[in-house]
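> The chain contents come next:
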Amino acid sequence: MSNHIYMIYKSMTHVLAAERAARKGGVSCRMVPIPRNLSTDCGMCISVKEEESSVFLSVVEEKGLVPEKVEEHKDAVPAGRCYSN
Amino acid sequence: MIYLDNASTSWPKPDSVVEAVTDYIRNIGANPARGNCTAALEALGVVLDCREAVASFFGCGNPLNVVFTHNVTWAINTALHGMLQSGDRVISSTMEHNAVIRPLTNLAEKGVDVVYSPCDSQGYLDLEAFEKNISGAKLAVLNHGSNVTGTVQDVRAVSDICRASGTVFLLDAAQSAGIIPVNFSHGPDIIAFTGHKGLLGVPGTGGLVFADDFDTNQIRSLAQGGTGSVSEEMKHPDFMPDRFEAGTMNGPGLAGLLSGIEYLNSLGLEEIYKKKMKVAGRLAEGIEEINGSIVYRPSPGKLWNAVVSFTLKGSDTASIADYLSREHDICCRHGFHCASSAHRTIGTFPGGTVRLSPGIFTTAEDIEIALRAVRMYSE
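Chains as they are written, first to last, in the working numbering: chain D, 17 to 101; chain E, 1319 to 1697.
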């Protein structure tokens, strides 16, 4: 099982925009609620497999969507749903 | 009913717009960016789709530089009140709508130096005078297409003057967006738009779009509140677009606006302009053939917003509008059209004009009925 990285953004709009950019760039990721121990924000973040995180970051950076925080999550696949259009 | 008041709000709306609004209300329903349920994410997806569509429509590279407001008036107020304070200088024109004139009047009372640069009798900005008057201005705000005469200003020339003087240029595209090209490639720093006129959306939508290189920190937010982001902070977020979007978004309205822009894109602006010119041109020429009539519009061949404003010698514009409505069920607008300064400029103050503004669905038959009605009144 891979470790996952949480990409934490300022707002839900940024999360969704980054998730769309990543998907267009061929990076698989999913939107999950932000664990309260990582942020007291009520929104969501993006979970990416550790091995795909550098590609994710380069794809979103091109769109000016650099996360506020990048946090490692040592569990297996986290709970959450994929958002699709 | 013959609807010829599209400069007020476009009607009818494309079926796809009605369906998009209805679908949002019936099947999505949730509050965008509030919570993580499927419906809330779908709602946020609609809003982001709309941001992307608006950004692309105006040639903006970053959808997060699109801010949604209740309407274009609120958008213009956000930019003007958010940027100007006592001691600042702002330049505008004598052809402005009250959406610009009234906030500027309020700001003048608070110590802002407000300059209205002159326009000619067709409503064109005197660029030489503008260049002289702009000195020291922090902001320039200009109506792109007139809601009175349909006169379209030279945005490129005004942008060049603004750049040379280091003045931020806010373009009011209320009457032009969806009819003629409005694009950051023409040079403005900020575009204010409405969703319910040429963009074919529903009332309650509008906003500001910022050029990619514009520093939005120059503008203070006018309203603060819930954004669904950084909720632990007592202070309103300073990042885009939340900086200017306090409170629940108009999800159904933005679904409609998205659909309206998609509809326009499917037809192409060039085709829309040609169609509008055909019906508005026939309407203007037909009225000009009536004895005692004057149509206030740019010279033929110049860009025009498809607004037909006219007077009949010796007739009260209110009486003409009443006759058209009562006897022929024709919707039009008379008087000042919330732009008395523009009427002073073109010489139609205090009587105003009768304004007939065809839309994307106006037919040649509608125009002939309207012409017949105006002829009957004049006889």
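A few of these clues could be false.
These stretches of chain E come out as covered by chain D in the derived footprint (C-beta under 8 Å, 3 or more residues) [said to hold, decoys possible]: (1) 1372-1384; (2) 1585-1597.
Subject to a maximum C-alpha distance of 27 Å in a straight line, what follows is the list of computed DSS-like cross-link-like pairs (lysine-lysine) [what the hints assert, rightly or not]: (3) LYS1553/E to LYS1428/E; (4) LYS1631/E to LYS1592/E; (5) LYS1592/E to LYS1450/E; (6) LYS1450/E to LYS85/D; (7) LYS26/D to LYS79/D; (8) LYS26/D to LYS1553/E.
Hints in this document: simulated from the structure, not taken from any laboratory. Everything numeric in this text was worked out from a predicted model, so none of it was measured. Even glycine gets a Cβ: it sits at the ideal position worked out from N, Cα and C.
> Does LYS1428/E lie within 27 Å of LYS1553/E when you go C-alpha to C-alpha?
holds, 26 Å
> Please work out if LYS1592/E and LYS1450/E have their alpha carbons no farther apart than 27 Å.
violated, 36 Å
> Is the listed coverage of the segment 1585-1597 of chain E by chain D valid when you require three or more residues with a beta carbon under 8 Å from a beta carbon of that chain?
This one is violated; 0 residues, fewer than the three required, reach chain D with a Cβ under 8 Å.
> Under the criterion that the straight-line Cα-Cα distance not exceed 27 Å, is the pair LYS1450/E, LYS85/D satisfied?
Not satisfied, since the Cα-Cα distance of roughly 50 Å exceeds 27 Å.
> Next pair to validate is LYS26/D with LYS1553/E; report whether the Cα-Cα distance is within 27 Å.
With a Cα-Cα distance of about 14 Å, the restraint between LYS26/D and LYS1553/E holds, given a limit of 27 Å.
> Do three or more residues of the segment 1372-1384 of chain E come closer than 8 Å to chain D, measuring C-beta to C-beta?
Since three or more residues must qualify, the claim that chain D covers the segment 1372-1384 of chain E holds, with 3 doing so at under 8 Å.
> What's the verdict on LYS1631/E and LYS1592/E, does the C-alpha distance respect the 27 Å limit or exceed it?
violated, 31 Å
> Does the structure keep LYS26/D and LYS79/D at a Cα separation of 27 Å or less?
Status holds; Cα separation ~15 Å.
Checked against the numbered hints given earlier, the structure breaks hints 2, 4, 5, 6 and satisfies all the rest.
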